[in-house]
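Listed below are the residues making up each chain.
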Amino acid sequence: MSQFRAKKLDLSGFINSRIIRDHTKRKVFEQYEPERQALRYIIRNTTLPARARAQAQLQLSQMHAYTRSTQIKNRCVAGGIARSVIRDFRIARYQFREQALAGELPGVKKASW
Amino acid sequence: MAGQYSRLLDLAKVQCRVFSLNFNPERLRLGNKVLRQRLRGPALAAWYPKNTVSFRDLQDTCKPLGLTTFDEAEDDREEAIQIAKLRGKGRPKKKRTAAESRTAKKKK
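So the protein sequences, as listed, match chains E and P.
So for the first sequence, the numbering used here puts the first residue at 335; every next one is plus one.
So for the second sequence, the numbering used here puts the first residue at 4; every next one is plus one.
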């Protein structure tokens with residue numbers, strides 16, 4: 335959502351709209367994570383009054399979708415692809431292959447036996 | 004036997020105090036596991052590479068101070084535009100009013 339988006343682009347490297355969107359979600363999640371955890375604690379604590387817990391449930395469910403960690407998707411840093419992204423390198427499979435064959439990834443070697 | 008149990012409880016209590024854990028012998032659901040979790044936000048937010056200082060930033064900081072910088076790419080671009088203009092291939096003049104744009108359409 336545009337209300338969360340940074341006014342000035344703070345990314346470098348490969349950029350497309352989906353990467354910007356995902357980056358925005360990540361930053362919003364980071365910002366609201368303590369609040370979400372506090373609400374989750376209130377909900378999980380059975381010794382607190384039922385009313386307070388119900389209120390916390392309501393509040394948590396009414397928070398913006400961008401504050402949710404499940405909205406975040408790992409995307410390829412070099413191509414923006416969201417599928418088959420290798421987490422250690424943050425790169426999708428084809429970019430990984432290209433870069434590995436070009437020798438740009440230290441320690442990665444084509445297997446042969 | 005009962006005395007032994009209370010002693011064990013005391014031991015657990017001391018243990019919890021020493022290691023700053025939550026003493027909860029009744030095994031109530033206190034939601035402490037939420038508080039024990041580490042925040043994942045900083046790690047998640049650092050996925051994409053951050054913006055670094057570029058030559059453009061340097062230029063932008065120099066300009067208000069009255070200093071000039073030489074950018075070869077920008078120089079080439081302006082030169083190419085000049086050549087295109089001489090060949091009559093420059094960009095058309097901006098139409099400022101609605102009437103102007105209408106006459107421009109009719110000519111076609």
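Calculated directly from the structure, the hints in this document are not laboratory data.
Among the hints, erroneous ones may be present.
Ranges between beta-carbon positions, derived for each pair [unchecked claim]: (1) 341(E) / 42(P): 46 to 56 Å; (2) 395(E) / 106(P): 35 to 45 Å; (3) 17(P) / 431(E): 56 to 66 Å; (4) 40(P) / 342(E): 39 to 49 Å; (5) 43(P) / 384(E): 53 to 63 Å; (6) 352(E) / 106(P): 21 to 31 Å; (7) 443(E) / 36(P): 38 to 48 Å.
According to the in silico footprint, chain P covers these stretches of chain E (three or more CB under 8 Å from chain P) [unchecked claim]: (8) 364-375; (9) 378-386.
If you want the footprint, here are the derived chain E segments under chain P, 3+ residues with CB under 8 Å [to be verified]: (10) 414-423; (11) 440-447.
Note that the coordinates shown come from a computational prediction; the quantities given were computed from them, not determined experimentally.
Note that the Cβ used here is the ideal one computed from N, Cα and C, for glycine as well.
(Q) If you test the structure against every hint from before, which numbers come out violated? (A) 1, 2, 4, 5, 6, 10, 11
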